[in-house]
Every structure is written in structure tokens, then in C-alpha cells.
Amino acid sequence: MKKNYTKKLVFLLFFVLISFTTFAQTGNISGKVVDESNQPLPGASVVITGTRIGTQTDPNGNYSLTGINYGNVSVTIKFIGYNDLTKKIQLNSAAAILDFKLSLSASNLNEVVVIGYGTTTKKDLTGAVTTVSSKDFTKGQITSPEQLIAGKVAGVQITQGSGEPGSGSNILIRGGASLSATNYPLIVVDGVPLDQGGIAGSPNALGLINPNDIETFTVLKDASATAIYGNRGSNGVIIITTKKGTSGAPQFTFGSNFAYGTVANTTDVLSPEQFRDLVTNAPTSTTVTPALKTKLLGQLGSTNTDWQEQVYDNSVTSDNNFSVSGTYKTLPYRLSLGYLNQDGILRTGNLERSTLGLNLTPSLFKNSLKVTLSVKSSLSKSVFADGAAIGTAATFNPTQPVLSGNTNFGGYFEYLNPQAGAGQNPLVGLAPRNPVSFLDLRNNTSDVNRTIGNITLDYALPFLKELKANVNVGYDIANGKGTVIVPESAGFAFRRFAASNNVQKSGVNNQYKQQRSNFVSDFYLNYLKDLKSIKSRIDVTAGTAYQAFEAKNYSFADFSFDGTKSPNSDPNFAIDIPQNRLFSLYGRVIYTYNDKYTFTGTVRSDASSRINPDDRVGIFPSAAIAYRISEENFLKSSKVLSDLKLRLSYGETGQQDGIGNYSYLPNYSLSTPTAQYQLGNEFIPMFRPAGFNPNLKWESTATTNFGLDYGFLKNRIYGTIDFYYKNTTDLLNNVTQPAGSNFINEFTYNVGSMTNKGVEFMLNTVAVDKADFKINLGFNITYNQNRITNLTLFNDPSYIGNKVGGISGGTGNLVQINAVGTARNTFYVYQQVYNDAGKPLDGVFVDRNLDGQITDKDLYKYKTPDGNVFLGFSSNVTYKNWSGGFTMRSNLNNYVYNNVASSTGTFRNIFNPLEFLSNGSTDILNTGFSGSGDKYFLSDYYVQNASFLRMDNLNVGYNFGKVLKGKANLNINANIQNAFVITNYDGVDPEISGGIDNNFYPRPRTFALGLNLGF
Amino acid sequence: MKNLIIKTGALVVALTLSLSACKDALNLQPLNDVTSEVVYSSPLGYKQALAKVYGSFALTGNAGPTGQADIVGLDEGGNADYLRTFWKAQELSTDEAVIAWGDAGIQDFHNMNWTPDNAFLRGLYFRSLYQVTLVNEFLRESTDAKLSSRGISGTESDKIRANRAEVRFLRAYQYWSLMDLFGNPAFTTEENPIGGPLPKQIGRAELFKYIESELKAIETILPQDRTIAYYGRATKGAAQALLARLYLNATVYTGTAKNNEAVEYAKKVIDAGYTLESNYRKISLNDNTNSPEFIMTINYDGQKSQVFGGTTFLTHAAIGGSMQAGDYGVDFGWGGLRTTKALVNLFPNGANSADRRANFYTNGQSLEIVSLTSFTDGYAVPKFQNKTSTGTPGTNITFVDADFPLFRLPEMHLIYAEATLRGGSGNAATALGYINALRTRAYGNSNGAVSALTLDLILDERARELYWEGHRRTDLNRYGRFVTGTYLWPWKGGVKDGKAVEDYRKVYPIPAADITANPGLIQNNGY
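So the protein lines, in turn, are chains A and B.
Quick note on this note's numbering: the first sequence kicks off at 1 and runs consecutively.
Quick note on this note's numbering: the second sequence kicks off at 1 and runs consecutively.
No lab work stands behind these hints: they were computed from the structure.
Check each hint, because a few of them may be wrong.
Cross-link-like lysine to aspartate or glutamate pairs, in silico, EDC-like; alpha carbons within 16 Å at most [claimed, not checked]:
| id | chain 1 | residue 1 | chain 2 | residue 2 |
| --- | --- | --- | --- | --- |
| 1 | A | LYS857 | B | GLU368 |
| 2 | B | LYS282 | B | GLU264 |
| 3 | B | LYS47 | A | ASP99 |
| 4 | A | LYS381 | A | GLU352 |
| 5 | A | LYS32 | A | ASP99 |
Given the sequences, and given the hints that come with them, work out the whole structure.
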């Protein structure tokens, strides 16, 4: 197959070259496109009606079309959010000028909407699809693309993973569809479905795309829309398109942002004074024994150190973007370069990213062949600050200094054991190491480069203009590598191992490396025909897709700083190359009758290499109808109602990402050199059979969607409301294998079912619409209810569910459960008993089953981490040359387990029985918990309501208009990211994916100043 | 139009061809892992598969110390190591050991209110049956038919055939462990291939018969070999020692005593040439390798067999308070395990006993336990150490080299004596001699010799000789003292002075996870 495409590619490039030299007797049309307030409209699409000649306006709203045959020509301008405008001109000179002024149409029904493997128009859309285009993106210092639309789309929750530079986001569409497998949506960038896996040195798959290059996000939510992606469609699909070349002379833009990040919040721990007071006055008890107290009082120092202040610092980010866009002869191009340099607020962390984006979009053979060549490339250099500093800074003894005054351990203060004999380790075992030393002494740097390149040929067949053939071939290749260097002096890497000569070795000198590649090739035919005689339009697509994923994971031995190899650390295999492939056939029919009724039918057949050959093909169908009520005569004339469309869809989609690449095969693997077994007098590596399941298949989700699109007052008020019901069956679940029946005790099986049902409501209004004063308001609200409806192969009334949610503290404590009848990851805890004053009683819980003792049978299902109501508010205001806006989000009824409080806010943590003092959460002042026993960790006291309202972004801008003698356009803006959070939650941030808050890297509050120059 | 049809047709043909090419492209194999055919194509492969069958005793996965766990969904080092979980189930529920930690469910052993969801019991049960599953697979892959079809013959095939008896011992041992702890576990043999019908439950008495018949069958095949070449491997002595233990407890398992058989098999082992190590302390130190009194061991190595369970756990967890970890050959203590005064008081003069088996660390420790979770309450027990008997520390300061004896000669002495007292056909004078041999070693002279034996003395002697080696719960059950009020120790049942608990707690519950997964299983009474 690869060979086939290579030939076609060569063929194509040949034609690209010769096309530049061939010209007919033609003229040019150029002009400017502005909005109602005479502001230029960049990025509007300009097309010669009836042909495929077209372009886009440049940043100043100008366009230029070349090579147009003389005669009557009509030019149509389309721009998302505005009414189409067509003007006719008699072209009989070499150059004509045609200007346009578009009127606002909040919801343009002819707007082109990207759907999988093709496009359609908004009015023909039957699925639940939301498009957000660049003009509605959140403005400000955004380094990861998905943040552009956070809070803007009902049913889509985008939660930034952490405050670390380059950190990705958790994206959840309609609550996801999976329990144990991934809930991450499929992301398709310019036709290349991305590999979800991260790469060593970069946790975020999307983070390597420059947000400034993105033109639109299209979110496909229901099965009518996602079924075309078959066994990857269950969690929704996000299609990203990037900006293409404009027409005419090169247009340059330059943007520069300077951002200042501040530490918005840190963990509330005891101040040095509080700490001294508590340690000195702690009553002796079974936890604080007199001997321990006496010993630990000696560890109270005279310094006052705010360890969190020592590890966090304000950060500086500089983000610069340059782009040039235009058409060279007949070749539209857009080239962009970006350079980002971002410091983390955890000291020493830094991300330096250079990006390159190139789009070439020539049209050949009288525009019958449209070519899109797209390359996105990035080079990231990261310095990772060691996250261990976060937790230890919260708990390190605040009465001890950062530096010890001597040169041991790099000069950093460490807990020393006064009784350690000569030759013994002088450090106190299991005590935390100096938080600052983690940052200063661990040097973890990585280089990741990634290139996504693809070429798409869209060819209108000469013998049948309505039939188009589309070929798309692309690669997504990423290489990551890095090193970890720690000097021998570091306390946290002191005496890590004994070398073969029995000498203790310290420090680290290690490397890591990984490559990923993802090859995609698609071919489809599209037939689009208006059959005016029967008032019908049919749009048929059929095609195939092949995608191959491959990773190359390198393994290395472990070395001390001086390069001594840790004995037996050589990997068995230096390289592993896991692979998986998908081969698919798909088809779609969109039939529209009288512009009033639209039917869409989709089917995809996917074959996955992860599934055993006999069962590997899955069929995913969907059907949908839309009824445009507003086309009925009795409504057509309405001045109030401008659009009303009813949508109904049903479909089935799949999810195969939770299946291991080879989990249907019974394979053996060899153990590592440190896991050999001694038989007699020889050590032998072990051959272990792996657990397997030959019957594994994809998860299957059936989605029913009922939606209404509405528009009032010429669509000044418009939006959608959707009701959905998703039922996922054959959940990919890690289930217990009957003991003795497999080579592992838990394995992935298709067991169980889960539903998500919900309502999404979106409302957009143009509240004020004056020539020089506009206010746009957007509001969305989502309600989602998640329920597990089955979890077992066999009915077992005694089955309580599957415990999940590991926490820090104790070993093996799990604080959540997946159980039938509740939402996933519901907290499963003991019910705390309080005294009359409302103070929780240490270790006293409600004996819920009344058997006279507190055992795990008294655990109960409490709140859930996911929340069920999600709101988004956004607004853009323009007044003369000023503009401003904000984005706010709110989640309600989401709960978080405060693991920082539970693991550090106890006497046992402060008076550690391993004989060192630790600081802890100020929660100890509320509870006075001893921290002994194994139950208190699971108290519902620690599960807190984390509902919040967050101002994600607040921005203001001023357009200076023409500067530099009219040669350039200047825009200056200022914004605040993460401006404020309103919540009752006690921890550092209420928005914790998964609901367990344990040493979270705080999200910074960022103040940014930027300028944009167009010339 | 005709043209169109032809072109479309050509396209369809081209597509169909590429489809079939893609079908093949979907058959992928991993790069480094191999199929069972590859593993069992050579004698070396058999040896490495055999290493896994044995190694699952000692290690928790395919990477040391953690990573690539065999038992998942649990803490690999804490909940899924055989010895660590077996030891907790056998010792923490008794007077011999207490632990300070807050791991989920760990205090339930002291409180004696464990439930079917206890993570340690789940890990132990699944670990035992995991090893059984590995044995079954090895047996299926090593039949004569399979060996000859793979061209393995002569001495190579003889060796593999001999390995079959060894792995059957391991399976019998694990079924003994399951029978003793859980009573009525799921049951599977090489007759139950992976993917076949679900394992059926077996009753305790029936399981007893199966173990007995297996051990008797392999007793004659296994070699009588005490050289280093068979160290850590199943020999004739191991099968006979397990039979002796099985018969001694037959009343508990089946309701019918088998004291004659217990005597017979204990004697077989005693007469096989094992001798007592001269220094008692040495049996739990790094140079215990191939000790003359060891019958069967789990082998550990700080460099090549790394695990957070086993003797690494027994060494680290027992260090805390004012103990200096370096004195025991490790980097630091985990501040967990101590003992109650019930064990200490079995030694005349307690911690300062002339009986050298008393190995208690008392500095800063109180004999009385006020709080189970305070390390300094209760004497520490540095029985297992990462040092040799001459004081040389282990090669790795985290992972301990000392091996763990599953069976050693003194247990056979004690079985002989007890079974004789219980009416077995042993000789009373011989029995007394066996016990005094142990006591003479313990005292270094004849001062500790006793003149007569009683059952109570035997139970106490077992505690003195075998404490912290995973016998205590079995012993207390055999004496009817595990759950009843006839014998109380500090914190038995979660009460400072001890209390009786429900009778059904003599066996542990079948883990709820298996009850759910396997609809053929019935939970033990009471749970």
C-alpha cells in the first residue's frame, strides 16, 4: 500500500511544478472585506461561484484572485458568523476591484462544517457538532491548543492537567464512554488522527502544535457525527484545522507575548511558629510517645523557612510568533514560526519550544485538483523540575534552614542520624530529603521533536464533476530523548547501590529515549449532486483508511553519577517496538429534501490488529434525521424566529484504546536480571507466560441524541439544546480472573455496562450590535449523569464493586469504588463521627452495618469526583478600538479527596515514628487526628465539595489601527489567565482530574501583555 | 457513462486488492516476547519456565524488585508476595507478631475482624493459585508426547521429566497453604487448560486427600539430594516433610488424626541425613545458604532476586525505634514488626534468657503494648538480618540475601514428639531426645534439657524454636487456642488483654474477588 501512494505522490509533485508555468488569457480580481463596522475580516473565504477558484482574506481583510477567465464573474464571500455575500462583475480588464461589507449572521447556515472525511454545511448537519473558530478562541498566553476552547462548548470539559509548562489537559466529552479504558477523545489534525500516547520527555500529545496556527476546532459529540470514526468514536472526536494561505502579496504578522506567572495558591501548612508551638505542646500519647517527643524536640531548629516559597517562584514566559501568508503565482502558502520560552513556577522548570507550520494549497488542472500539503514541526527542549519538591516542601521541617552551613550533601540541610556508625549511611532512613535539593541537584532535560506532515489530493473527476476522489497520506513522527544527571552529593540519590566491588555508589547519570510514528493513508470518493427536479441533494462518501502506529522504546541500564553501572540493571532488550494497526472501510450518505429534511446514514467497518483475527472486524452504524421546522411556511415569515431545526440521531461507536497491542496472544516474556531465581547454585532468568484473553474486543457505545438548533431575531440569539443518552456495553474492564484460570489475577475483559445521560444547552447572543459597540455573550450549561449498570460476568449479589483510587498513606488504601448503581470512581469511605462542637472524633466511625465493629463492611458510597453540572460563560466586547472579553467556567457537585490533609495533617506524620519531624497540613488544627490505625485515611471527612467558579481568562485589547505610516496594523492586548477561583475546597486547587488531590502542581496566575503587528 | 462504470470498477478491484494486503498487515507479533512454542523448543526454555514456577514463591513479578507484577490491582511488594502475605496471615493474627502500620486491612489481623475484601488475603490466595497455574502449564508442556514432538530426548528429556515431580511438589505445597488458610479454595490441575471451564471448589478433606496422594506419588520420584545442586529445590525430603506436617494437622483438616503417619514421615526425614546447624542464629542470616538442617527454602539474593517481600520485609520491617539499621546490614528500618510479651515470656528470663533463641531488642522498647501502631511498644525481633553470622553485611543494603526455610529439621523433631504424645507410634524416649537436641543447641549446653514431654511444652517449644517462621496460626489452631478464650494474648481480637473471637475465623474467608469471578465458589461459613 505504501508503494502505491509513493507513486501517486511523485505524480502529483510533477504536476504541481508544471502548473506554475501554464497560464490562460485571464485577469485578476482583488478587494477588501470588512464587517459592518468597517473592521477588516481576515480569513474570510473568497470563491468564484461555480468554480473552485478561491482564497482567503489576509490579516487586513484583503484578497486577490488571479487567473480568472474574462466574462461575467460572481464572487462569493463566506465567513463564519456572517451572511454570505455574492457580487457580480464583468471582468474585461487585467485587474478589477471588488470590495465587500458583510453583515453579521450569528449562525450562518451555509457555514462549512468539517466532519470526518469531508465537509458539509451547517444547515445539512444532523449531528451534534460544535465548531469554534479562531475569532472565538480564548485570547491570551495559551501554550496548549485545547485551552483555546475551554469552557466554550457545552458537553466538553477541558481540565488543564497541572501548572507545569507543557502539561496537557484532560478532555472529556459528554462524560466519556469508558470506565477503565481511556476517555480521551480522538483528535484529528488536518486529517491525521493523532496517537494518544505521550512521548518520553513530553506528556502532552497536543502541546507540540502552535495554538496560533489553528483555525477551527470542531467537536463531534453524537454518534451521527462520530460513527465515521468507528471504533475510535465513542469518546467524541475533535477535528482541528490549521490556517491556510491567503491570496495575493505576502502578508506578515508578528505577535509577541510576555507573560508573568505568579503562584496563585500553595498548600496550607503550619507556619514555623505554629509548628514549634504544636511540637512543643503536643500532649504525649501512644503516637507521640515521651521518648519520641524528647528525641524530636531536638530537631526543632531556630530558623524559619517557608519551604514552599523556596521551591516556587514567579515565572516569565515569552511567546513569539511570526507568519507569512499569501499566494506565490498560483500557490497559496502560509508559513508560521513560533518560539516559546516558558518557565515553570516550580523553580528550574523550563520549556523552550520552536514550531514551524507550513501549508501549501495549490489548485491544479483548472482547479479540479486541490492539493493541501501540510507540515507541522516542533522542537521542544524541556528542563523538568522534580515534582518531588512539591510534596516535600509542604512537609519539610519549617524550623530548619535550606543550607546546613557545611559542604555535605551539596550544602543542603538534611536529617542526619547522630548514631550512625562509621561507614553507615549518615542520613535518616526514609526521612524526606531537602526539597530545594530536588530542584537544584536533579537535572532532567529532554529534547522532543515532532513532525506531522500530510498531503491531501482532492480531485474532481473530469468525466463526472460531482465525483471527487480524495487521497490523504500522512505521518506523525515524534522523537524524544533526555538525560537525568544528579551529582554524588545529592542526599536523595546518596548511596543508591553497591557496585560489583561492593563500593556504595551515589548520584545518577541516566538517559531515556523513545520514538513514535504513526502513518495514515485514506482514500475516499465523494459524490455530491443537487437534483433540483426532485428538490433533493445527495452527498455520498465511501472510502478506506489505514493507520499504523509504532513506538520504539529504548531501555538503558542504571548508572551512578560517575558512570558506574548498577549491577544487573542492563535491560534484557535494548529496544521494544510495540505496534498496532487499523484498517477501515466507511461510507456516508447525506440526503436533503427540499432544504427541510436531511437524513444522514453512516457506517464504518474497522479491523484492529489488537483483536484476534477471527473477531477483529467491527461494524459501527449510525443514522440521523434533521427537520428544519423554520423552513415551514408558517414560520418562514416569522420575524422573531430565524432558525429552528430538530435533530434526532442514533448510532453505535467503539473504543479500542484500552486493549493491549497483543493481549489476545499467549506470550512469554523473560524476566529482568534482578528477577532471576536461584535453582541449586545457579541463577536463572524466568520465562513468564502473560495473561491473555483471546475474546477481547472493542467497547461499544450506543448513543441517542435529540437536539434542537434555534435562532431568533436574525440569529442575534442562537444556540442549541441537546439531550443524549449513551449506553456503553462490553466495557473494557480489568476484571478478576477466577483464581487458577489465567496467568494473571486481573485482566481486561469486555464486561459491564455504563450509561451517561445529559442535557447540553448553548446560548450565544449579540447583546449589543452597534457600529462601534458590540457585545457578544456566550453561555453553556451541561448536565451529565454517569451510572454504572453492570460490572460482572455472573450475577453476584455480594459483589460490592471494584475498588480504585489509590492514595498516599498506608499501603494499598483505595478510596474510590466502581459499583453498580453509582457513578464511576464514587468515593467509598467510612462515615466520620463528630462531637457536638462539630469536631471529627479520631478514629470514630459510624457502624453502618451495626455488627458492633468497624470493618470494611462499614464503608459506604459517598460523593463522586466528576461533578454533574458544568457551566461556561464567555463574552467579547468591542467599543471603537477597544476590545475585551472573559471566559469563566464552573463545575458543580464535584468532590475531591484531600490527600494532602489526610496524609500530612496528623500527629503521626509530624512526629514520624521513624524519628524525624515533618510539617503537615493545617488541617491538624481542626482535627487533632493522631494518624494511627488504618481506617482514618478512608474517612469521608477528607472528601470535600470542590464546586468552583473559575475566571479562566480576562482580556482587554486596543487596536491602534495603522501605524508606521500606514504600513502596519498594531494591536496591543493584556490579559490575566486563571484570574480567580471561588470555591470552598481547602486544598490548593479544586479542579483535580480523578478527584484525589495529592501534591498537585499549582496552576499559576498569569499576567500577559502582547502585541500583534500585521504588515 | 460506460467509461465511468469501467473506471469505478477498476477502482473497486484496486481497493479490494489493497484490502486483502491490509488484512495480513494486521497480524502483528511483539518484538521481544515469544510464544510458548518458542519457549518450549529447547531444554534451556524449559529451565527458564521452571525458574518461573519456582521463582513465583520468591519474587512478585518479572522485574525486580517491582514492575511487571504477576498479581495486579494490589500493591506488588506489600500485598502480593507469597512469603510476606503468608507470614502476615500466620503470624500477625497470633501472639508472635504485631505491626505498626496503617496499610489497608493490616490491623484486621490483630483485631481478628478480617473480611473477604482484605487485600493481604486476596494477594495471598491469588499468589498461591497463580503458582498452581504455572505448575499446571509446565506439566501440560512437558508431557512425553510434547517432549518428543519437540525433539527433546535422552538426558535432556529425563531432566525435564524429573522437573515434573518438583513442580508437583510446589503445587502440593501451595494447596497445603490454601487448605490450611482458606479451607476450601478453587481447585485446578493440568487437566484444566487456560480458557477451559472455570475451576471448581474443593472441600478441605478432599483437598487433603489430593495433596497426600500427590506427595506420595512424587516421594518416590524426587531425588534424595542434599547437595548445593538441589538447594532450594523440591527433594524427597521436602515431600516427606510436608507429609509429616500434613498428617500432624490431619484432625484439623479432616477430623481424623493421622499421628502414626506423622511420626513415620517425620522419622523418614530425620533419618535422611539432615543435621542441626550448630548456631541457631545462623539459620536466619545471610550465610544460611545450604544449611545442613534446611529441607526446603525460598531463596533470596540482594542482587539477582530482588523483592520487597520475603526476608527483605522480615529484616527491614523489624527495625525501628533506636535500632541502627546498619547494624543489621540494611540502609534503614521500616518501623513495623515487634512481638508481644506472650512470646517473650516463653523464654525463661525473657529477653535475657539463657536460651539463645531469644533474640529481642529491648532498648527503648516496652514489653507491654499500649498502642499496636507504636513501634516502641513491644520488643523488637531482629531474627532475620542482612548479615552473615560473622557480621559481613549483604551485597545490597536494601535487598536481603538471607534465604527463608519453609521446612527445617527441628520441625520434624517437634512433629515426631508431638505426634507421639498424641498417640502416634513413635518412641517416647526418642521423642525426648529429639526435643533435648534442640534445647541443647539453644542453651549451648545441657542446662535446658527437659526430662518429660507434654503437649503444652511442645507447643511452647515450637514457638521458641520456630517463631516468626510462619507456623504459629497453624499450631494454635491445632491446639484449639487460635479463636477460643482458652488462650489469650495481648490485643487478641483488638482488645488489650485479648478476647475470644468467632469460631469461623479458624479459616480465612475465600477472597470476595474470586467469589465474584467464579460463580461456582461458596464462601466459607460465617463470612
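**Request:** Would you mind confirming whether the straight-line C-alpha gap from LYS282/B to GLU264/B stays at or under 16 Å?
**Result:** violated, 29 Å
**Asked** Does the structure keep LYS857/A and GLU368/B at a Cα separation of 16 Å or less?
**Response** violated, 31 Å
**Given pair status - ASP99/A, LYS47/B, alpha carbons within 16 Å** = violated, 83 Å
**Message:** Tell me if the straight-line CA distance from LYS381/A to GLU352/A falls inside 16 Å.
**Reply:** holds, 5 Å
**Item:** 16 Å limit on alpha-carbon distance, applied to hinted pair LYS32/A and ASP99/A
**Value:** holds, 5 Å
The structure shown violates the earlier hints numbered 1, 2 and 3.
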